[in-house]
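Asks: Residues per chain are reported as follows:
Number of protein chains: 2
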Amino acid sequence: MATTTLQSSCNHGFIKTSCFDCNLKTLCLPIAMDVRDIEKLDKIIQRTRPIQAGEHLYRSGDHFKSLYAVRSGSIKTYLIDDEGVEQVTAFYLPGEVLGFDGIANSIHSCNVVALETSSVCEMPFERLEELTLVIPGLQHHFFQLMGKQIETDHQMMLTLSKKNAEGRIATLLLGLSRRYGRRNLSRTALRLPMSRMDIGNFLGLTIETVSRTFSRLHKDAVISVDGREIVIKDPEKLEHICHDHA
Amino acid sequence: MATTTLQSSCNHGFIKTSCFDCNLKTLCLPIAMDVRDIEKLDKIIQRTRPIQAGEHLYRSGDHFKSLYAVRSGSIKTYLIDDEGVEQVTAFYLPGEVLGFDGIANSIHSCNVVALETSSVCEMPFERLEELTLVIPGLQHHFFQLMGKQIETDHQMMLTLSKKNAEGRIATLLLGLSRRYGRRNLSRTALRLPMSRMDIGNFLGLTIETVSRTFSRLHKDAVISVDGREIVIKDPEKLEHICHDHA
DNA sequence: CGCCCCATTGAGACGGCTCAACTTGCGTGG
DNA sequence: CCACGCAAGTTGAGCCGTCTCAATGGGGCG
Chain A
2 MATTTLQSSC NHGFIKTSCF DCNLKTLCLP IAMDVRDIEK LDKIIQRTRP
52 IQAGEHLYRS GDHFKSLYAV RSGSIKTYLI DDEGVEQVTA FYLPGEVLGF
102 DGIANSIHSC NVVALETSSV CEMPFERLEE LTLVIPGLQH HFFQLMGKQI
152 ETDHQMMLTL SKKNAEGRIA TLLLGLSRRY GRRNLSRTAL RLPMSRMDIG
202 NFLGLTIETV SRTFSRLHKD AVISVDGREI VIKDPEKLEH ICHDHA
Chain B
2 MATTTLQSSC NHGFIKTSCF DCNLKTLCLP IAMDVRDIEK LDKIIQRTRP
52 IQAGEHLYRS GDHFKSLYAV RSGSIKTYLI DDEGVEQVTA FYLPGEVLGF
102 DGIANSIHSC NVVALETSSV CEMPFERLEE LTLVIPGLQH HFFQLMGKQI
152 ETDHQMMLTL SKKNAEGRIA TLLLGLSRRY GRRNLSRTAL RLPMSRMDIG
202 NFLGLTIETV SRTFSRLHKD AVISVDGREI VIKDPEKLEH ICHDHA
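Read top to bottom, the protein sequences are chains A and B.
2 is the number of the first residue of the first sequence in the working numbering; add one for each residue after it.
2 is the number of the first residue of the second sequence in the working numbering; add one for each residue after it.
Simulated from the structure, these hints should not be mistaken for lab results.
There may be inaccurate statements among the hints.
Pairs involving identical chains hold if they fit within one copy or between any two copies, as the list cannot separate such chains.
Claimed, not checked - With a cut-off of at most 27 Å between alpha-carbon atoms, the simulated DSS-like pairs for lysine-lysine come out as follows:
{"#": "1", "residue 1": "LYS234", "residue 2": "LYS41"}
{"#": "2", "residue 1": "LYS26", "residue 2": "LYS163"}
{"#": "3", "residue 1": "LYS163", "residue 2": "LYS41"}
{"#": "4", "residue 1": "LYS163", "residue 2": "LYS149"}
{"#": "5", "residue 1": "LYS41", "residue 2": "LYS238"}
{"#": "6", "residue 1": "LYS238", "residue 2": "LYS26"}
{"#": "7", "residue 1": "LYS44", "residue 2": "LYS238"}
{"#": "8", "residue 1": "LYS66", "residue 2": "LYS149"}
{"#": "9", "residue 1": "LYS163", "residue 2": "LYS44"}
{"#": "10", "residue 1": "LYS26", "residue 2": "LYS234"}
{"#": "11", "residue 1": "LYS41", "residue 2": "LYS66"}
{"#": "12", "residue 1": "LYS238", "residue 2": "LYS66"}
{"#": "13", "residue 1": "LYS220", "residue 2": "LYS149"}
{"#": "14", "residue 1": "LYS44", "residue 2": "LYS220"}
{"#": "15", "residue 1": "LYS66", "residue 2": "LYS163"}
{"#": "16", "residue 1": "LYS41", "residue 2": "LYS220"}
{"#": "17", "residue 1": "LYS234", "residue 2": "LYS163"}
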């Protein structure tokens, strides 16, 4: 590869300076791209300093400038309505792309905050829109990313609208399991990056109900729970609970 | 304009053969476009025969081919999960664009059905992707449309997760009112295009609760209800109910 | 050690669901 | 023309899952 200098401010061993070297590229760039094209893309991507837990990447009302790919750590997005009610809208893990909430009005509608020390790749959107005209498939790729987000949101609407507390928790756990698996991490033993409060807010439940549901699933030997450490002991039963309507 | 022959199979007086003549273009094409560019776009758009109530435009699993702009009538989209549970994910009114659920995997994930006799403009997506490279702003426009969909879905997640029955109904009514207003129709007197069942399914409520909630709002003189005919009598109070958390 | 935050667990209240009866409107056929 | 069936909507009574309120436990950190 052409680019050589190693990123200085990175504290995670696997972070590389180029998309080409990044082991997450199969997740956030799953398209066949010419080496020359990757270089073009690489040039516009800014690898910023790590974000600390609780630090915001951007807030509702901020001017929309960029999309972001999570490189390490984990991130949540949330809305705040007129009355101050908050709604966690998504959790983002390494290899996932966020920031689409700003495209429609050039103003972000979401708030984005790190759940732990995290790092992101910033992709200035105007530059990206120029590149999509030059790099074959890149436009389609971003349409796909947004389409995927829409499908995920629709699944979430189904979860919130039709499932009970157990089904919601099971759905969340299986989703996280699958996403961890895509990164070749354990699908059965996972550490939740978010608090019970975040889980409850996301799933439309109180923290008490979240806690009780974890306890019940533990008692029923479907999972084991130790704080944020979860082990999925019976994936099939969890799947069944997840699909259990009402 | 260049195009001249009048569409034969149209039974709605205001339907025109060209985007240029269409009075909905400020909704589905709110960008400054050269007359020549509109012609290019116009050439790829297919104006199909009307869809009857209950007829599907496409179904989950169908190959993704096109986006659709609603020209007249109204349309609902819904998911069916593994267990056969259905979730209405959106209602689409004239001037609104749907079909993004197929982009990610080239396979549609939603089912789309007409709530009444409706007509749509079909926009073959591959052609569209070619045109975006030629017509300035068109790519950004479709990014915006998808971004808007994502924001709408996030608001829906908040509604499903945080609002009680009254709040959900109020949110739906105000949303419809606003969208009718954009088409210069009455914001206060509206005819619901969907059944109580559809409303309940969409909002995560049973039809009984929907019915009771309408009755209560009627009794409290916030709205008047006569079957599907709704009159919003106290918009401010409705707004207040809508923002009433829990 | 003591404080604070997060999580867990229990008891009671309440909103929406379930089940059921009834009404209304509409199309069909006797 | 009315009788009938059917689908959609309304209303009531009782139940159940989740929320609310409250007390307790435990881990990190000054």
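Asks: Looking back at the numbered hints, which does the structure fail to meet, lowest number first?
Replies: 1, 2, 3, 5, 6, 7, 9, 10, 12, 13, 14, 15, 16
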